[in-house]
Every structure is written in C-alpha cells, then in structure tokens.
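Order-wise, the sequence lines are chains C and U.
Under numbering that gives the first Met the number 0, the first residue of the first sequence carries the number 0, and numbering increases by one thereafter.
Under numbering that gives the first Met the number 0, the first residue of the second sequence carries the number 0, and numbering increases by one thereafter.
One thing to keep in mind: the hints can contain errors.
Stated by the list, open to error - Straight-line distance between alpha carbons at most 27 angstroms, and here's what the computed BS3-like set of lysine-lysine pairs gives:
no.	chain 1	residue 1	chain 2	residue 2
1	C	Lys439	C	Lys366
2	U	Lys370	U	Lys442
3	U	Lys370	C	Lys439
4	C	Lys440	U	Lys24
5	U	Lys442	C	Lys366
6	U	Lys370	C	Lys366
7	C	Lys440	U	Lys22
8	U	Lys22	C	Lys439
Unchecked claim - Which residues of chain U face chain C? A partial, calculated answer using Cβ under 10 angstroms:
no.	residue
9	Ile141
10	Phe144
11	Val168
12	Gln186
13	Ala213
14	Leu276
15	Phe283
16	Phe287
17	Leu417
18	Val421
19	Ala424
20	Tyr439
21	Lys442
22	Val465
23	Tyr466
24	Trp469
FYI, nobody ran anything at the bench for these hints, they're computed from the structure.
We treat Cβ as the ideally placed atom computed from N, Cα and C, and that holds for glycine.
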Amino acid sequence: MENLMFLAPEITVAATGLIILFIGVFMSPRAKNTLGYLATLGILAALGLTVQSFGIEATMFSGTVSIDALSQFFKLVFLAVSLIVSLASIKYNENSDHTEEFYALVLFATLGMMVVASSNDFILLFCAFELASFATYALAGFEKQNPKSLEGAMKYFVIGAVSSALMLFGISFVYGATGTTSIPLIAENASLLAANPIGLVAVVLLIAGFGFKMALVPFHMWAPDAYQGSPSVVSSLLAAGSKKMGFVAAFRVFLIALAALQPDWQFAFALLAVVTMTFGNVVAVSQTSVKRMLAYSSLAQAGYIAMAFVVMTPMALTGGIFYTLAHAFMKGGAFIAAAAVVWMITTQRTGDLEVPDHLNNFRGLGKRMPLAALCMTVFVFALAGIPLTSGFMAKIVLFSSAIQAGMTWLAVIAILNSALSLFYYARLVRYMYFLPPEGKKISLPFPYAAALLLAAAGVLAMGLWPEPFLQWAMDAAHVLI
Amino acid sequence: MLPVASLLILVPLIFAAVTFFTKTKTQAAGLAFLGSLATLGLTLYAYLKFDSSTAAMQFFESIEWIPSLGAKYSVGIDGISMPLILLNAIVIPFLILYSWNEDREAPNRFYGLILTMQAAVIGVFVALDFLVFYIFWELTLIPLFFMVNIWGGEKRVHASYKFFIYTHVASLVMLLGIFGLFYASWQQTGIPTFDIRELVSQFQFFESGLLRDAIFLSIIFGFLTKLPTFPFHSWLPDAYTEAPTAGSVLFILLKIGGYGLFRISLPMLPNTGSPRLIIMLLGFLGAFSILYGALVALRQKDLKRMIAYSSLSHMGFVILGSAGLVTLSVSGAMFQQFSHGLIMSILFMSAGAIQTNTGTRIINNLGGLAKKMPNLAVIMMLGFMASLGLPGLTGFIAEFLVLAFSYVNLPQFVLLALLAIVITAGYHLWAMQRAMFGVYNEKLGDVRDINSLQVFSMGIIALLVVYFGWNPNPVLNMMITNSEAIVSLAAALGV
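Bound-form chain U, shown alone (with noise of 0.2 angstroms):
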C-alpha cells in the first residue's frame, strides 16, 4: 500500500520547491496546477480507501527520529483528518485556477507559497507525534505570512507582522504546555514520548489537578487564538482583510485549530481539574464568538472584513459543538470545518473578484452589481445563501447539529446562539442587497464579469456545498464514528 500520509506531505512539498525555481507565469501557475492535482489524486485515493466504520487510525507509518527524546516521525488518517485533507486538496486546485489570470509580481513565489501552505497544513492533520506536529503547525505561519506581507492590501505590513506575533506567541504558550505534558509523562511512566495519543492517554494519570489544568489551557490556548474564537480574534480581520484573495483562501483553509481540539483537547478534556468549569468557559466562548461576529459584521462597510467577522462567528460554532460533548454536536462541529471551508472560500473569491474588476470592496459604494456580474451573482449568492444557514447547503447540516445537540448539555449557551441566527442572516441579505442588486452605481463604470475559468473554479465549489448540503455522509459519517470515541471518552468519566 501508498504511504498515502507521508506522500501528501511530500508531494505538494516537492511541487512546492521545483515551482520556486520557475522563470515564468505559466510556468508557475501550471507547475502548482499539477501539484494540486497530484495531491487531489492521492487524497482521492486515500478516500476510497479509507474505512469510516472504525475510528481506528488509518494509513500509519512510523519511524524513529530522535530516540533519546522520544519522538518519531510518525503520521496517519482518521475520521478527524481526513476530512480537512479532503477540504484543502479539494479547495487548492480550484484556488490556482481562480487566480489563474492575476497579474502579480514573483508568480513563482506566488504559487509555491501556496503549495508549501497545503504542505504545511496537511503535516499538521496527519502528524501524530508532537514535536512533527508542532514543526507543521508553525511552519504554516511562514507561507500566510509572507502572502500578506508581499501581495496584500495597503495595510499589509501591520496585518502581517500582526497576525505573525500574535499567532506566535499562543504557539508557543502551547508549545509550553506540550513540554509540561511531555515532562510530567516522562516522569509518570519513566520512558521519554512525544507521541500525542500515548500523551493524551497519560494525561489522565497526572496527579496534581493544578498542573492538569495549567497543561490543557495553555495547548488550548494555541487552538482558540488560532481557530480564533473571541477574545483572542484581533488578528483575524486584519489578516484575513488585508491578504489577497489566494491569502485570504489559505487563511479559511487553516483549519489546524480545530483540528487541534478534536484531536488534542476534547480527549484531555474530561480528565481535567475541573472539567465542568472549562466546559461551561468552552460554551460561553463559543456562544459569545457566534454573537460577537454576528453584531461586528453587521456595521462594516468593507465586504471582507464583514466576512472575515462572519467567519469569527461561524468559528464559534466549532467551539459551542465541541464544548457540548455529545457525539452529534461534536460532529457537527467537524461537519462545520468543512463546510465553513468550503463556503468561505466562495465568499472571499467572490469578494476579491469584486475588488479586482470593480476597485473597491466598500459596500455602501457598490450596488446592482448583479446587471453587471451575473455569473458572479449567482454563485456569490448561493455563498452568502449557504453562510447564513439555508436548508439543503452545508452550513445548515453544521449549524443545525451543533445547536440541536449543544442543547442537551448547554441550553443556556444555545439559546444566546440562536440570538444571533437571526442577526447573520439580517447581515448577509442586507450586504448582498445593497451590494449586488438594487440600482446600479454608475460611478463604477463599465465593471467586467467574473473570467470563465473563475466562473468554473468557484461554481465547481459552489456545486460541491450544495451536493453536501443534501448528501453529507460521505464525510459526516466518518465524523460520527469518531465523535463517538471522543465522547464515549467523556460519558465513561461522567462529564
């Protein structure tokens, strides 16, 4: 059998560095073109392979790497990971295509950050050993930064070195907390590991309480400042805002966060100190980030910076469903990754092509757009359709489980939540009426439609959250099995 983990990572690696050396455009783009297919193909096959009944890892492989440390080169797939592969491999290619006709200075550069950020992200789903896993996490941050940096918008720098600081340093107070489990680990069981399910398993033997809490918060709180929930967001709008498009993709695409709290801390959760109080901090966070998004993308006057606060809100979700530790809402969580991948990467596309053809982003200056970019309309539509949680699109499935099923264990927090339902949708038809219908604003003068090939890339997109929308098995199944471990986990321990 394909080492199919290792190839994912290497395979966008290798594309990655030979597109670096490229002279041209073309050249570029089509190099990273057949990297993305590459990894779509072998993600493909990884699918089909995969087994969505066991919540057993899959496609594992291990080597030793620095013995007298313990850590292995080890990676592997579950029903956790291998729906954000799917997600990134899926969304990449379709990304190169849509940004396929941009001028921009260094397309060598370009692409080859994108292909190393699929590498980067990718490492982090399949890493099961912490010290591989912290590499890829931080390695994620060189890519975004430098595409904000380089090819963003007026305020770049700001953006960049904020965003690069801020999510930093919550790396490393997590990189602190993997140390203090790697510490109190050795000293439990005498043998050196950083392998995360052996460590997480261990977690639960740690006697002091204090130390179990102080080692889950401080890994958490790399999560949360990632993921971001509020408060620990204030980089997001100005990274997500001021990246190009393609940076702004990658940034919804960086789903490691999450992933990290699945895989990390909803195990470690139960067997905290005081496992109730966290739970409840995890709901109020959730509750509040959905809330918060909501009312912030109500009053902005830039479309990305209220979808990059729409997204803060759905990250909420996440949050609200993980906290509520019921196989369903935990699911739903993961559900929501994907999905919010998916459709966000509609909303930015859709927000950097008015950009491009029009030369502004400031809502109150569009209007009846629709006349003019009637292809981008209907696909920017279904997005906004899709965000604010129509039935039959994929962010309803998410949404309506993690709400539903929150509800057993948090209804205090569900009900503040649900407040907000009624605020993202106010916000999303409110936007998309003065932006792209109504009158149209003359003063834009004679603004072109969206080319063929990004009509096709986000239409492709579009027509995958709609066939989720009503046929979510083929990933939620594999959530659910493992959701199932996750709180079987928690219901053993009377969490």
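Here chain C stands alone, though its shape is the one from the complex (with noise of 0.2 angstroms):
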C-alpha cells in the first residue's frame, strides 16, 4: 500500500476544489463570497503540508509519482502563487454567479501543476499538463462578455493544443526509441536515443511542446494577447504559475531524461534563452497596456530562467530554481496590482476604460492607492533586479553561474538586458509617483490588500534572507544532477 501521506497537498487540493464546486451550487451569489476563503484556507493547507514534507524522498505507484526536493519546491511554488490569486480573486468574484467555477478551476490548474512537478513518467507528465492547461483555458476565457478576454483565450487554446500535441508526438518518438515512458529508465536507455536521428526529432518537438509553456520566443505569440485579455488575476496564475510548470517538466525531461542528448539541446537553448530575454525587454519598452508590458517582461524573466538549461552548473540550476520562486512572488504580485488598478478605473468610470491597465490610468497610483503603488514598486524593481528583493538575489546567483562555467557573453548579454528592462519599470514607477492623480483616493479592498502584502512580503523576504531559499533551491538542484 502507498503512503498516501505524501501527497497530501494534492489530495487537499483537489478536495477543496471538489467541495468547492459541490456546494457552490446550493449558494446564492451573496454567499458564494465566502468561497473565496474556503479556497484560501485549503491552499494554505497544503502549503503547509509541502513545506512539512521538505526533505521526503520517495517514488510511488510504479515509479510514475517522484516525491522529491524539485518536486516540493515547485509545488511550493505553485502553492504561493494559488494562494495569492485565490486571495486576490475574492474581490474580482464578489457577487458572481460564478465563484465557483473560478475557484475549482482555480484549484484544478494548481493540482495539474503539482502533479507535473512530481511526474516520473511521460503519460502522467501529460495528462497532469493537460488538466492544468484545460484549467487555465477555460480561466482565461471567463469573462464571456469581453471580446478581448475572449480572443486570449482562443490564441491560448488554439495555439496550447497544437503546442500539446507537438509534446506527445515528441513523446511518442522517445517511446519508439527506448521503449519506455518512464523518466529514469529513458535516461538509462538514452544511448539508444542519442544513436538515433528520431532522438533529435524527439529534442526539437518537446523543446517546442514546453517552450510553448515556458513562452520562450518564438513560441510566445499566445503570450501578450492571452495575458492582456485574461482576467488580471488569471493573468497572475498563468504568468506566475503555470509558466513554471514548463520549466519543471523541462528540467525533468532535458535534464534527466534526455541527458544524453544534451550537446543537441544545449545549444538550441542558447539561442532560446538569447533571443527571448532580447525580444522581450525590447518590445516591453514600448508597451503602453501595463499588463501587455509585463506580458513581455515575463518573456524576458523566461529567458533569464531558460539560461539554468544552458549553463547547466549546480549553481546555473541553483539560481534557475531560485529564480521561479522570485519571479512567482514578483510577477504574480504585479499583475494583482494590476488587477488591483482595473478594478479602480472600472468602479471609478474615470481614465482610459478602453484600455483599463493603459499606463495613464497609473498616473498618480501613489495618492490614489498608495499601498497599491508602493507594492508594484516593489515587484518592478524586482523584476529589474534591484537590490535587497528577490529578483537581485535570484540574478547574482544565475548570471554570477555564467561566469563561473565560463560563459562570460552569455552573463553580459543577461546583464545588458537586465539593464534595459530598468528603463520601462522606471517608467511605471514614475506615473505612478510623479505624475499628478487624476482622481480622487480609493481605498484598497481587502482581498487585494492582503495579496499583495503577502506576494510583497514574499519578494523581500527572499531578497533580505534568502538563504532557507537557497538551500532548498540547492536540494531541488541536486536531484537534477
């Protein structure tokens, strides 16, 4: 008998989201805010059961589920992220009639990516992939009456099913060569992949299968459009969240798996990584949409993280890690203070409504929603790297891992671009504190209040004390090599 204690946080996950959906149906929309909470409380549940399972090795079920330290830090991650967004998404639901819905789907796209995190084996990889991209499908379509919202959803939908099949048809082509879907014994056999042109198939289908998810250019054209039109707080999983389940199923899969075929892969995510912290930053700074903005910058965050797959050190995979977990608290912070300021212009009826994260409706955030303000300050400068929060802590160890395999342009490259993205976070920064309101003083709600703090509280904690982070960031590290 397995010791279904091990994965306690996604039995607790997906309770939740089922009692959730079940009794959901019994409320009337006043009492369906307090699903919300009911939410919260499960993921802080399993949350707290993750970080107690920190330092648990174990397969089960045939070899398909690995509990291990890369599986618990991503789930914590994924966690954290959950937990902002479904704190976040109470006062974005406030009176629906389709609290439920959100949450359960909410709820189903974390257990989807935790499942990923722990996945030993193709067909669980899979099927744990789809259930988490079914999820966000569906949440970034929830607003039926924007068109905008609307048309994200479908280039996400359209292009994630193409994407997904490109990965079981790489899948497929690993499965004819070794005759295995299981993780560790295609590393066993991978002599028999590497052998074989099909192995190079197999790397090219799957690089372009992840890098769908991980948004790496030039399979992140679903990117912009999906995160402007999805509903801000969707937004902030599916940039903060299930962009990393890419990256764990690709440390897995290349790391692990296709080890052997790494002088193919290496070199392909090089130029990846190169292009896409590139094009990300340089296309960011002409973003006038915030979000569209920060759409781009997660682009270029990718890269950043894409370049774990480069160097390949202990450090490199160390700083990788390290980096999903800031950029979950940054990027996940900024879009609900996006989400925070649509909310604003939509109840206020003032500023640009076409366009209601357009940088002008920012002006002034510092008098109209000081805590607001002061929070996004914080996640921008995280995001460029500023120190004493996340993001600077997250570069040193990456880009510093560059230098010390030798690396020295790829570091330069990293740096340069570093130094670019300051200027379009700069920018917002400014609107937001030297340029006059236009508008009177609002008071934050709660629930956005209380996400923000939390995603803030995140990004200093790791940049001001980030050793704990580190740590566990190196046991994760260590299971890959």
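Hey, can you piece these two chains together into the complex? The hints should help.
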C-alpha cells in the first residue's frame, strides 16, 4: 500500500476544489463570497503540508510519481502563486454567479501543476499538463462578455492544443526509440536515443511543446494577448504559475531523461534564452498597456531562467530554480496590482476605460492607492533586479553562474538586458509617483491588499534573507545533477 | 561600544523613511536636518574614538547573511573611509540649511532622498563585503536619478536617464568583475566568500595573468566611470548641470568611485598581469582628465557647466595620485577627494544661488554681481581660490602632494598636468571677473543677496576649507597611515 500521506497536499487541493464545486451549487451569489476564503484556506493547508514534507524522498505508483526536493520546491511555487491569486480573486468574484467554477478551475489548475512537478513518467506528465492547461484555457476566457478575454483565450487554446500535440508526438518518438515512458528508464536507455536520428526530432518537438508553456520566443505568440485579455488575477496565475510548470517539466525531461542528448538541446536553449530575453525586453519598452508590458517582461524573465539549461552547473540550476520562486512572487504580485488598478478604473468610471490597464491609468497611483503603488514599486524593482529584492538575489546567483562556467558572453547579454529592462520599470514608477493623480483617493479592498502584501513579503524575504530559499533550491538542483 | 558603522547607515535611513511621510515643508526639512545632525554626531563620536596610527579596520562588525554564498554583512571604518564619512556628515546638514528657504514640490521626497543618499553613500564607505558594497553602490543611483528627474533643469529627463543608464551599465561591468573574482577565489580555496579584503588578497594567487587583468579592468571600469574620468565622463556635465543645487552637491559627495580605487583597485594593482602598463594607463587618464577638464571648462558659457568640468579636472588628480603609488601621492589623492567635496559644495551652492536670484547662469549675462551680492561674492571668491589651488587652502595641499610625489614615478604625466594648472587659474579668474566684478549688468534688475541661512551654511564650509588648508593633519594623518599600507604592498612586489 502506498503511503498516501506523501500526496496530502495534492489531495487537499483536489478535495477543496471538489467541495467548492459541489456546495457552490446550493449557494446564493452573496453567500458564494465565502468560497474564496475556503479556497484560500485549502491552499494554505496544502502549503503547510508541502513545507512539512520537505526532505522526503519517495517514488510511488510503480515509479510514476516522484516526491523529491525538486517536486516539493515547485509545489511550493505553485501553491504560493495560487494562494495569492485566490486571495485576490475574492474581490474579483464578488457577487458573481460563477464563483464556484472560478475557484474550482484555479484549484484544478494548481493540482495539475503540482502533479507535473512530481511526474516521473511521460504519460502522467502529459495528463497533468493537460489538466492544468484545460483549466487555464477556461480561466483565460472567464469574462464571457469581454471580446479581449475571449480573443486571448482562443489564441491560448489553439496554440496550446497544437503544442500539446507536438509534445505528445515528441513523447511518442522517445517511447518508440527507448520502449519506455518512465523518465529514469529513458535516462538509462538514452544511448538508444542518442544513436538514433529520431532522438533529434524528439528533442525538437519537446522543446517546441515545453517552449510554448515557458513562453520562449518564438513559441510566445499567445502570451501577450492571453496575459492582457485574461482577467488580471488569471494573468497572474498564467505568468507566475503555469509558466513554471513548463520549466519544471523541462528540467526533468531534458536534464534527466534526455541528458545524453545534451549537445543537441543545450545549443537550442542558448539560442532561445538569448533571443527570448532580448526580444521580451526590447518589445516591453514600447508598451503602453501595463499588463502587456508585464507579459513581455515575463518573456524576458523566462529567457533568464532558461539560462539554467545552458549553463547547467549546480549553481546555475540553483539559480534557475530560485528564480522561479522569486518570479512567482514578483510577477504574480505585479499582475495583482494591475488587477487592483483595473478594478479601480472600472468601478470609478474615470480614466481610459477602453484599456483599463493603460499606463495613463497608473498616473498618481501613489496618491490614489498608496499601498498598491508601493507594492507595485517593490515588484517592478524586483523584476528589474534592484538590490535587496528577490530578483536581485536570483540574478546574482543565475548570472554569476554563467561566469563560473566560463560563459561570460551569456552573462554579459543577460546583464545588458537587465539594464535595459530598468528603463520601462522605472517609467512605471515615474507614472505612479511623479505624475499628478487623475481622480480621488480610493481605499484598497482587503483581498487585494492582503494578496499584495503577501507577495511583497515574499519578494522582500527572498531578498533580505535568501539563505533558506537558496538551500531549498540547492537541494532541488541536486535532484537534477 | 556603539556599533557606529551600522548606525551611520541606519540613522539617516530611518530619518529618511520618516521624512517621506511628513506633510509640510518645515516638518520635512526640520526632520531631515535633525537626522543629518544625528549622523554628524555619530560621525564625530567615531572620529574621536578613531585611532589614526593604525591602518587596521576599526568599529568592525560582521554577521552571517547568506552562508551558502559566503556573503556576510560586515562593515567597518578605517583611514580610507573615515575622512569621506566625515565629509558627507559635515556637508549634508549645511546642504539642508542652504535649501531651507527654497520652495519646491513634494519637499518630503526631496529631503527624504537627500538622507537616503547619505545612508547609501556611507553604506558604500563602510561595507566590507562585496555584495553589501554593491547593494549600496546601486542604491546611490536611485536618489540621484529622481533628484535630477524631478527637480532638475530644463533637460532633466535626458540628463537623468543618461546618468542612470551610463553609470548603471558601468556598475554591471563591475559586477561581472566581482563575480569573476568571487568564482576564481572559490575555485582557488574551495570556500565561497564575498569578503572584500579576503578576495583582494586572494587575487594574487590566480594563475592566469589574463584573468587577473580582466577582473581588475572590469572592476576599475565601474570606479573610473563613477569618479568620473576622461573618456567615461560624458554623463557628468549633463547630470551635474541639470541637477538642482542640492543634487549637484550630492553628486559631489558621491565619492564612491575614488573610494573604490583606494579600497579595492590599488591593493589589487600590483598583482595584475601587467601592472606597469596599467599604471601608465591610469597616469595618462588622470593627467589627461586634468588637462581636458580644464580646457573644456575654459570655453563654457554656463557657470554651472564650467564648474562641472572643473570637477572632472580635479578628479584627474585622484587618479594621477593613485597611479603615482608613493605614500604621499596616494594620500594626496585621498585628500583631494576630501578637499574637492568641500570646495565644490561651495561652488555649486554659489552657482545655484546665482541661478535662483538672477534667473540666469550664463556668465556673459552676469556682471558686477559683487555689488549686489557681497556676501556671496566673498564666499564664492574663496571657493574659486581654493579650487584653483591657492596655497593655504585645501585644494593646494591635495594638488601639491599629488604633483610633487607622483613625479617620482610618473614625471611625464606630471608635466602634462602642470600645463593645466595655468589654464585652471585662468578660467577660474576669468569667470569670476566676468560674473562678479566689473560693471553691474543693469538688465538683471534688482538682485537680492543670499539669505542668512545660506551665508551661514556656505560660510561654515568655507571656514573648513581654510581650516583644513592650514592644518590638514586631522584627516591627512589617517590617510597617510593607510596609504603606507597600500604602497608597501606594491613596493614588496617591486612595482
């Protein structure tokens, strides 16, 4: 009998989702507001269980599920994002008739991501990947009256479905060459794959499949539209959470299963990383929609994280894994802050209603919603890599690892990109603090405030006291190497 | 004993945080003034307890921070940092007094940023861990950026971004160098550490001369840009000129580039792959900056821009003296940093006062101001005299030490710099004569003199210029002690 206690976090999340879906049916819209708190509590419990299970090593269900430092670390990332998102969504879903669906979808998406983190087998990995993807497709199009939301969701779905197919195709090649879908067994039989030209085809298909989720250029086309069109709280989940699912899957697949083909994919990732970070930063400079800007900056950040696949030293992987958690807090938080502004603009009916997240709507935010502006400043400074924030620590470890490995060129490109990104982040801060406000002061609703403070606390904790997080990331990196 | 080094960062930082939340100008300025006085008090306490007969680190504190990277929060003060902390602590309260009567938007942010800047600069001076050092180094960018961007002159946006991006990129190159140092030493010893002194001493054991050169050059690039020196100076004239007066003075107090030279680069220099070549290069950059700055200053129409270029010229002495690598030339370079901070504060305050009271800074549109602004004229004259190196004032001591003792190793560059001395005297006197003396330009209308707070604050700094000009020992002694330690290292290696 398997010890199901190891899966307690997943079980908690799944059960909470099902319970919410069930009892929501019998509740009035007003009473449904409590569902958000229920979801938050469930996620909090799962978070506690995950932290408690740190240090456990186990494989379950005939070796298809692996509980190790890597899986637990990424579960922490997903649950943290999901916690922030569900907390902030309490306001977003106020008096809505579809609250239970929303939370159930968020929880199922989280569940899918968590299972991906633990997957040690291609079949399970694919199923969990799809679970998370389907839930997020629905969430992206959650505002059924909003054409932008639908357009984003449609793009996300179509491109997502194609890349899932590519991924599955890649998996089938791997299976054909090695005769197994188990990641450790593939690693053992890697010589079969390396000797066969099919191996190269499989690598290309898998990079395309995962590259879509990681939003690496040129598989990024959906990301700006989906991030901008989706409800901001969902964008937060997409950028901070589901993107990391692509990373954890890629870590396991490329670094463990396909390690023998390293020369093939290492070069591809080098190219993807450099192109992605440069493209993301350059395009972000000219954006006037803040969510779109964050979407492009999210591309850039994915480009940085992808450096871990290129450098591949323990230090680089530690940096990449640490970066995913750091990015979860700062990007998740930034989208929540954008959500608060969108809420403000739509309820006040002032400012640019066409594009509620327009840069102009952030004018004087420091006076209108001081807390939201302060937290947003913390997030964008962290994204830019200003010292004492999580982003700085993440960049220090990741970029410096490139120098350690003798890839100074990569570090130079990354650092120049980072300098460039400061330009558009600083512009946002300038709008918030140094331009006169257009409208009166508004008190920030509690759910937004709580989510923002939580994310800001995460950003600052990782910046000021990075040691425990670095240790966890190091343990996770040791699983891979 | 008090943890002075940490308090010197914390006190201004806490006062800055509170200042940001004040509502009125009086509250903001008053609180900032209190904060800067508290910092001054702490600094004087540290100064009195300071033992200038040893080059060892004093007031040392160290706490584990990120053990897995070997980063510690360690701070301390020695003869290299003490005078610079003193300079900051002295000038900032008077800077706040000087700008007390100015009306401006968002005074809470203005004064809050001044104190943040003070905390960041002192943080750089006391940091003994590269990560902490870099954090404070980058932190100095933010107040200065906003200072120029919000309260600056006409071209403030351009100037602020240029300054920000220029020096930020230079800092990033420096960061690459720091990483190189960190990993090479990690490989060497098997223990990660960011300790500045440890890494600087590990530097000599790296096998590849090329690697040592690359690390050294990328780190010094950050310092030379911040200092700045020719040819990395082009952010300076724009930023210094467009900044509000307080911002210009903060730029002047930003002595972190020169500090980095003494703390990090000079001890590493003898161990680089080709020290002679690098010394020649630095000597040339120093001497050429002196000459170039003076020549360009000569033809400036804008008084503030002229002062900005003269600042570039003065910074050349810091590099020339450092490259001289003799105890007294290095001490001269250190003293130049201290003296330049005081003198340039007076000059920028004067230029600022002229701008606010007459509405122009174009030298040819002024004239005979001494009649209407006698108080300003006296103080400004003293500042100009100190700046051109009149004996008896601080500028003379610094420049004399640098020129006289760099001659030992770098006679050719000293001769080059000597050329500039004549030009320096020329543009100072010429500007003074056109702006302050001669016939009063009636177009200016009725011009008021500077207010009593300004007389007081500029006067005190002017008195210090005179005092340290006659008696430099209170700060020069500790500089000499530390220069000896730096130079003996070079001498032992026969450089």
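**Study point:** Hint check, failures only
**Key:** 3, 5, 6, 14, 15, 16, 17, 18, 19, 20, 21, 22, 23, 24
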